[in-house]
Structures are given as structure tokens and as C-alpha cells.
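So for the sequence shown, UniProt numbering puts the first residue at 1; every next one is plus one.
Please keep in mind that the hints were generated in silico from the structure rather than gathered at the bench.
Just so you know, not all the hints are guaranteed correct.
Stated by the list, open to error - Derived pair list, reagent style EDC-like, types lysine to aspartate or glutamate, alpha-carbon separation capped at 20 Å:
#1 Lys139 with Glu98
#2 Lys139 with Glu150
#3 Lys139 with Glu115
#4 Lys139 with Asp160
#5 Lys139 with Asp271
As the list claims (entries may be wrong) - Pairwise CB distance ranges (calculated):
#6 Ser5 with Pro174: 37 to 43 Å
#7 Arg205 with Glu118: 48 to 54 Å
#8 Pro152 with Gly201: 49 to 55 Å
#9 Ala136 with Ala275: 19 to 25 Å
The beta-carbon is built from N, C-alpha and C at its ideal position, and this holds for glycine as well.
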Amino acid sequence: MYDPSQLRTFLSVAQTLSFTQAARRLGLRQSTVSQHVRRLEDAAGRTLFTRDTHSVELTEDGEAMLGFARRILEVHEQAAAFFAGTRLRGRLRFGASEDFVLTRLPEILEGFRHEHPEVDLELTVELSGTLHEQLAAGKLDLVLAKRRPEDPRGELVRHDRLVWIGAERLRLDPDRPVPLIVYPPPGITRALALEALERQGRQWRVVCTSGSLNGLVAAARAGLGVMAHSRGLIPPALVRVPDRAGLPELGQVDFVLVRGRRRPSAQGAADALTAAILAGGDRLHRSGRKGL
């Protein structure tokens with residue numbers, strides 16, 4: 001009933017909330033992307049997206065289709081791999097930003113290990129900036145991380161907005177420097193937060209530095225200050241800082257998959273893990289978010 005190519009297109013649009021970016025990711029014309037979505041909507045008999053010239057949003061039926069599409073494509077890939085009789089082997093060095101540790105990325109990796117038991121998967125969890133450095137140094141084969149706005153590299157997985165977050169009871173004094181909770185350099189959110197405050201001419205002071213997301217979250221929960229974070233990945237017990245606090249806009253952030261130097265022994269595994277992450281991209285967020 002549902003064409004796998006149309007389901008893949010639907011997932012790409014749902015993850016990027018952009019027909020243009022989905023077309024770029026899939027290597028299709030934008031008209032083809034629109035056609036795939038329209039045909040899938042015809043097959044389902046439901047509208048999956050609401051869209052105008054400025055935005056694309058999933059409908060309630062579109063949200064329901066996400067889970068179905070992912071499961072259909074997973075079974076489709078399992079069947080294709082079984083009847084092709086090919087088994088991936090080799091060593092794959094995969095780096096993931098700590099932003100995704102508390103999402104359902106582990107489920108995606110578990111599924112990958114189940115489907116490809118002979119792939120030796122090595123996982124590195126680090127700051128996005130550090131992962132990009134290790135990738136450039138040839139220490140990793142594939143990275144899932146944030147990229148800076150001006151960086152064109154990588155295949156888009158999620159497009160999100162950076163926001164200021166903190167404890168619900170936190171109150172900022174407009175006459176005092178902004179208390180910042182930040183990653184150490186080369187943290188991308190750190191750099192974007194400092195750049196935004198400097199553009200506004202707002203004074204700031206670092207009250208906590210930690211290379212661990214858990215450390216930053218603990219400091220924020222204790223009410224020590226504010227931190228810049230992806231809107232779709234706000235940790236439990238933290239909320240967005242209200243606009244009345246007067247903090248500057250932080251802009252957009254992209255989470256991307258970036259390939260390293262191609263090693264023949266890792267190429268097939270990198271292709272398969274990339275496909276699994278792109279197909280399961282709707283799981284790379286934190287549910288039950290508060291303060292959105």
C-alpha cells in the first residue's frame with residue numbers, strides 16, 4: 001500500500017521540516033519530493049503536512065505516520081538484506097554528540113547491531129567540536145553532531161533552534177552579568193552563546209564549565225545559571241528562559257552526519273548506519289519536554 005521511496009521522502013521532510021532540504025538530502029528535485037508526499041497522502045487518505053510559504057508542520061496524522069513509516073522501512077531493509085545474502089563486516093568508528101545520549105539513539109544503534117552483528121561498532125561520545133576535530137584527524141569514520149551555521153558539511157538529520165534554558169525558579173538580574181553554564185572550548189553552543197551575548201553588548205560570567213552534559217544539567221538544576229541548548233532536546237526539570245529576561249536570540253542549529261576519510265573496510269557499515277539514523281531521525285528528540 002505504501003511505497004518505500006515515498007516513505008523515505010516523507011521521513012526526510014518530517015525531520016527537516018523543509019521540502020527544499022529534504023530534496024537536497026535525497027538528491028531529488030523539489031517537485032519530486034512534493035509529488036512523493038502528495039501520493040503518500042493520497043494513499044493514506046489523510047493530510048500529513050500543513051504548509052505555507054514560510055513553514056512546514058506535521059499534522060496529527062503526520063505524527064502517526066512517522067512511527068508507521070519507520071517500522072515499514074525497517075522491515076523493508078531487513079528483507080532486502082536477507083534476500084541479498086550480504087553481511088556487512090569491518091570496524092566502524094562512530095562519534096555522537098552527548099546531546100543524543102538521553103534520546104532514543106541507543107535504540108537505533110541496538111537495531112543496527114542486531115542487523116549487522118559482524119560489524120565492530122566503536123562509539124565515541126564527545127562535544128560536537130571535538131568530534132569534528134577527531135574526524136578531521138582520521139580517528140573517526142562517521143559523526144553525528146552539531147555544525148556551525150556557516151559550515152556546509154554533512155547530511156542534515158535534524159534542524160532545530162537554540163534556546164536559553166535553566167531551572168524554573170531561576171530569576172536573572174538585568175543589572176548583573178548573565179551567569180553562564182557552558183561546555184569548554186571547542187563547544188559549538190558555547191561559542192554561539194558568547195557570540196550572541198557579545199553582539200547584544202550584554203555582560204556575562206561563567207559559573208560552571210563541564211565537558212559532561214550531566215554536569216551542565218546538574219548546575220542548571222541547582223539554579224546556578226543558564227545554558228544554551230537545542231529546543232528539541234531540553235533535559236527534564238529544565239525549562240526555557242522566558243523572553244522577558246531579555247537574553248539574545250541564539251539562532252538555528254543543525255545536527256548532521258559527517259563522513260570522515262573513506263576507509264574501504266568501514267564504508268559499507270557507515271552507509272548502513274547513516275541510513276538507519278536518517279530513517280529513525282524522528283526518535284532523536286526528548287519526549288515530554290517542558291517549557292516549550
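20 Å Cα cutoff - pair Lys139, Glu98: With Cα atoms ~18 Å apart, Lys139 and Glu98 stay inside 20 Å; holds.
48 to 54 Å as the expected CB spacing between Glu118 and Arg205, which holds or is violated: 52 Å, holds
Restraint check for Lys139 with Glu115, where alpha carbons must lie at most 20 Å apart: Not OK: Lys139 and Glu115 at ~25 Å, beyond 20 Å, violated.
Distance restraint between Lys139 and Asp160, which requires alpha-carbon spacing of 20 Å or less: Not satisfied, since the Cα-Cα distance of roughly 28 Å exceeds 20 Å.
Verdict for Ala136, Ala275 (Cβ pair) under range 19 to 25 Å: Since Ala136 and Ala275 have Cβ atoms about 24 Å apart, the given range 19 to 25 Å holds.
Beta-carbon spacing of Ser5 to Pro174 - inside the hinted bounds 37 to 43 Å or not: 53 Å, violated
Restraint check for Lys139 with Asp271, where alpha carbons must lie at most 20 Å apart: With a Cα-Cα distance of about 18 Å, the restraint between Lys139 and Asp271 holds, given a limit of 20 Å.
Hinted pair Lys139 and Glu150, Cα distance within 20 Å: 24 Å, violated
Range hint compliance [Cβ, Pro152 to Gly201, 49 to 55 Å]: The hint (49 to 55 Å, Cβ to Cβ) is violated, given that Pro152 and Gly201 are roughly 30 Å apart.
Going down the numbered hints, you'll see the structure goes against 2, 3, 4, 6, 8, while the others check out.
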